[in-house]
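S.K.: For the record, the sequence lines run as chains F and W. The first sequence lines up with residues 1 to 423 when you count with our numbering. The second sequence lines up with residues 1 to 222 when you count with our numbering.
Simulated from the structure, these hints should not be mistaken for laboratory data.
Think about it this way: if two alpha-carbon atoms lie no more than 25 Å apart in a straight line, the pair counts; the simulated DSS-like pairs of lysine-lysine are:
{"hint": "1", "chain 1": "F", "residue 1": "LYS34", "chain 2": "F", "residue 2": "LYS139"}
{"hint": "2", "chain 1": "F", "residue 1": "LYS83", "chain 2": "F", "residue 2": "LYS105"}
{"hint": "3", "chain 1": "F", "residue 1": "LYS254", "chain 2": "W", "residue 2": "LYS63"}
{"hint": "4", "chain 1": "W", "residue 1": "LYS139", "chain 2": "W", "residue 2": "LYS180"}
{"hint": "5", "chain 1": "F", "residue 1": "LYS254", "chain 2": "F", "residue 2": "LYS310"}
{"hint": "6", "chain 1": "W", "residue 1": "LYS64", "chain 2": "F", "residue 2": "LYS216"}
{"hint": "7", "chain 1": "W", "residue 1": "LYS6", "chain 2": "F", "residue 2": "LYS373"}
{"hint": "8", "chain 1": "W", "residue 1": "LYS63", "chain 2": "F", "residue 2": "LYS216"}
{"hint": "9", "chain 1": "W", "residue 1": "LYS6", "chain 2": "F", "residue 2": "LYS189"}
Listing some non-contacts, in silico: residues in chain F with all C-beta distances to chain W over 10 Å:
{"hint": "10", "residue": "ILE32"}
{"hint": "11", "residue": "MET101"}
{"hint": "12", "residue": "ASP250"}
{"hint": "13", "residue": "GLY335"}
What you are looking at is a predicted structure, and each value in this text was computed from that prediction instead of being measured. Ideal Cβ placement from N, Cα and C applies to all residues, glycine included.
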Amino acid sequence: MNRKFLLASVIILSLGIDAFSNKSKDSIKQNIEKIELKNLSVVDYPSDKGNSIILYFDKDEKQKNFQYEIYLSTDSANWIKAKQAKYDELSASNIEIPFWMWNKKRNINALAIDVTKVFSLQEDDYFKQNPKGFSVYAKVIAIGDNKKYESQIVKGIAKANWFRIDRLNNLVLVLIISIVFFIIVSRAKKRELFIRKIAGLEAIDEAVGRATEMGKPVVYIPGIGSMSGISTIASIFILGEVGKKIAQYDATLKVPHYDPIVFTVAKETVKQSYIEAGRPDSYREDINVYITTDQFAYAAAVDGIITREKPAACFYMGYFMAESLLLAEVGAGVGAIQIAGTDVDSQLPFFFTACDYTLIGEELYAAGAYLSKEPMLVSALKVQDFGKFLFITFAIGFSILLLIFSKIETSYAEKLLDIFRVR
Amino acid sequence: MNIIKKYIPLTIVFIFGIITLASYYVPHRASDEYLEWINKWENIVSAFALFLGMISLFYSHYKKIQRKVDGWGYSLFVYIGFFIIMGAAILSKGNISKEGKLTYLGWSFNNIFNPLSATMFSVLAFFIISTAYRSFKIKSFAAFLLFICGLILMLGNIPLGEIIWDKVFGWTKLTIGEIKDWIISVPSTAGRRGIMIGIAIGAAVTSLKIIFGIERGYMGKE
Numbered sequence: 001m002n003r004k005f006l007l008a009s010v011i012i013l014s015l016g017i018d019a020f021s022n023k024s025k026d027s028i029k030q031n032i033e034k035i036e037l038k039n040l041s042v043v044d045y046p047s048d049k050g051n052s053i054i055l056y057f058d059k060d061e062k063q064k065n066f067q068y069e070i071y072l073s074t075d076s077a078n079w080i081k082a083k084q085a086k087y088d089e090l091s092a093s094n095i096e097i098p099f100w101m102w103n104k105k106r107n108i109n110a111l112a113i114d115v116t117k118v119f120s121l122q123e124d125d126y127f128k129q130n131p132k133g134f135s136v137y138a139k140v141i142a143i144g145d146n147k148k149y150e151s152q153i154v155k156g157i158a159k160a161n162w163f164r165i166d167r168l169n170n171l172v173l174v175l176i177i178s179i180v181f182f183i184i185v186s187r188a189k190k191r192e193l194f195i196r197k198i199a200g201l202e203a204i205d206e207a208v209g210r211a212t213e214m215g216k217p218v219v220y221i222p223g224i225g226s227m228s229g230i231s232t233i234a235s236i237f238i239l240g241e242v243g244k245k246i247a248q249y250d251a252t253l254k255v256p257h258y259d260p261i262v263f264t265v266a267k268e269t270v271k272q273s274y275i276e277a278g279r280p281d282s283y284r285e286d287i288n289v290y291i292t293t294d295q296f297a298y299a300a301a302v303d304g305i306i307t308r309e310k311p312a313a314c315f316y317m318g319y320f321m322a323e324s325l326l327l328a329e330v331g332a333g334v335g336a337i338q339i340a341g342t343d344v345d346s347q348l349p350f351f352f353t354a355c356d357y358t359l360i361g362e363e364l365y366a367a368g369a370y371l372s373k374e375p376m377l378v379s380a381l382k383v384q385d386f387g388k389f390l391f392i393t394f395a396i397g398f399s400i401l402l403l404i405f406s407k408i409e410t411s412y413a414e415k416l417l418d419i420f421r422v423r
Numbered sequence: 001m002n003i004i005k006k007y008i009p010l011t012i013v014f015i016f017g018i019i020t021l022a023s024y025y026v027p028h029r030a031s032d033e034y035l036e037w038i039n040k041w042e043n044i045v046s047a048f049a050l051f052l053g054m055i056s057l058f059y060s061h062y063k064k065i066q067r068k069v070d071g072w073g074y075s076l077f078v079y080i081g082f083f084i085i086m087g088a089a090i091l092s093k094g095n096i097s098k099e100g101k102l103t104y105l106g107w108s109f110n111n112i113f114n115p116l117s118a119t120m121f122s123v124l125a126f127f128i129i130s131t132a133y134r135s136f137k138i139k140s141f142a143a144f145l146l147f148i149c150g151l152i153l154m155l156g157n158i159p160l161g162e163i164i165w166d167k168v169f170g171w172t173k174l175t176i177g178e179i180k181d182w183i184i185s186v187p188s189t190a191g192r193r194g195i196m197i198g199i200a201i202g203a204a205v206t207s208l209k210i211i212f213g214i215e216r217g218y219m220g221k222e
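Isolated chain F (complex conformation) (with noise of 0.2 Å):
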């Protein structure tokens, strides 16, 4: 009996509170009034996939206290809330485009909308249902004097774009780059570059020879990273000269794989080295080992290996993490000679301090130059130099405009920061 009373009154209860809800929805309906905001817009975000818009209205001296409620729907009957934001929080400056596409001193009321988020729209589904754009409209309720304001309902596509105009900066400089490599390489033959000694190559022949003297083997790391990393790469070109003088010296060559695509790209080149130096017959199938695609579980392998046969000499080539230390500490211990190489920053310290010889990134992919010789790999090498160079020349002309323009006119420094921006 008392359940039934129970259910009975919550019954009553909710019928109330929503009949209550309804009239209090109708009350605010009665309410709002007419406005009309003055280019209220809805544009498609420039350089996006075609999933964002951007509203835009004029600002209005009058609306300064006002809080602005913007909704948008599928079909202009059933609205949805993407955002309240109060009068100052919608700005051109929030924005977040280069000054090049996006005028961010306009004096509007702008907001950047991806629409998958606000109609809850999965990734893959939204772009398959929508090839040719995505259509919304777009309302704007401003709240203010206890009032409020229904805007006029605007339209606009979010459409998918071919080109990031935001990446036009980034666009230039690789334009530039690739200019200077096609004019340098093309004049390659033409004269001899001069090329600084790098310590960490020089001392390869060294190394080889004390392994072969020893009669200890060489012990060769490509490290972690997959075939497609340019250290990893850089790595076997190192690996290919390596194995040429070992074949020549007729020593002993270790190379323990993290990666299997490594692995048989390794292999392929120690045994054309070998081919190269005239020593095919040296070349042995477990030269190169593949040991595991685990970090801690391959440091622990070739530490194993390390210990075990004690090399002579220990090189450490190419993408490094946590293992930097754990290797070349071990290498170290059974005191081999140890040149190491990464274009890892993080990691170089710990090469630093337990190898012999460190090749600081850009060193590593110079390595292959260097060590062949070769006149187009070595005049690429100019390029690096004119890539430095503009970077230099970049860094302080434009640390002194921005110092000026930081005085004099604000905007300017904005845009120079933005030039140098990566998006």
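Got chain F sorted already, so can you dock chain W onto it with the hints?
M.R.: Structure of chain W alone, referenced to chain F:
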């Protein structure tokens, strides 16, 4: 033969290199789909390469056992470990857990693999100490600077360091934290950025060399 071993790979690298470079500037969905497609191909090639890798692994350890070289007993553990884990994976149908309980595979991961990995990672702490000891030997002015910076960073990271600093150098009105932050944010960051700029330019030029077939180290040799 030259066509198969040289020109076809170079053409493939050129075409895919240019398309991949262009995809960086194309925000369209087609660009994402292309990269996904390339990743799938990389995974397929990896699977085949992994198979070759396993053959190499077993072959090299088989040879060690056959020749009874020093430490050939360790090679036995490669086979034992491989077949035990593979057996566990087959029995568990590749699942780590089932109905909230660990399968054989899950158990071996939790109780064998993870502790071994953690042990290897922990060894790093001891190696850092021995490396630090070696690098802090003051043999030159540069080594002296390194030692001073290292000492300040170590003191700055521990409360005891702050107390010692305040007692000894309190009169300078500088805190150890301020000096530590300055070292990290000014000279250290400047050095790192220099290296990073060199690496970025080097990577861009190396990429161009690879795309246009000037650097061919990845193809083996001609």
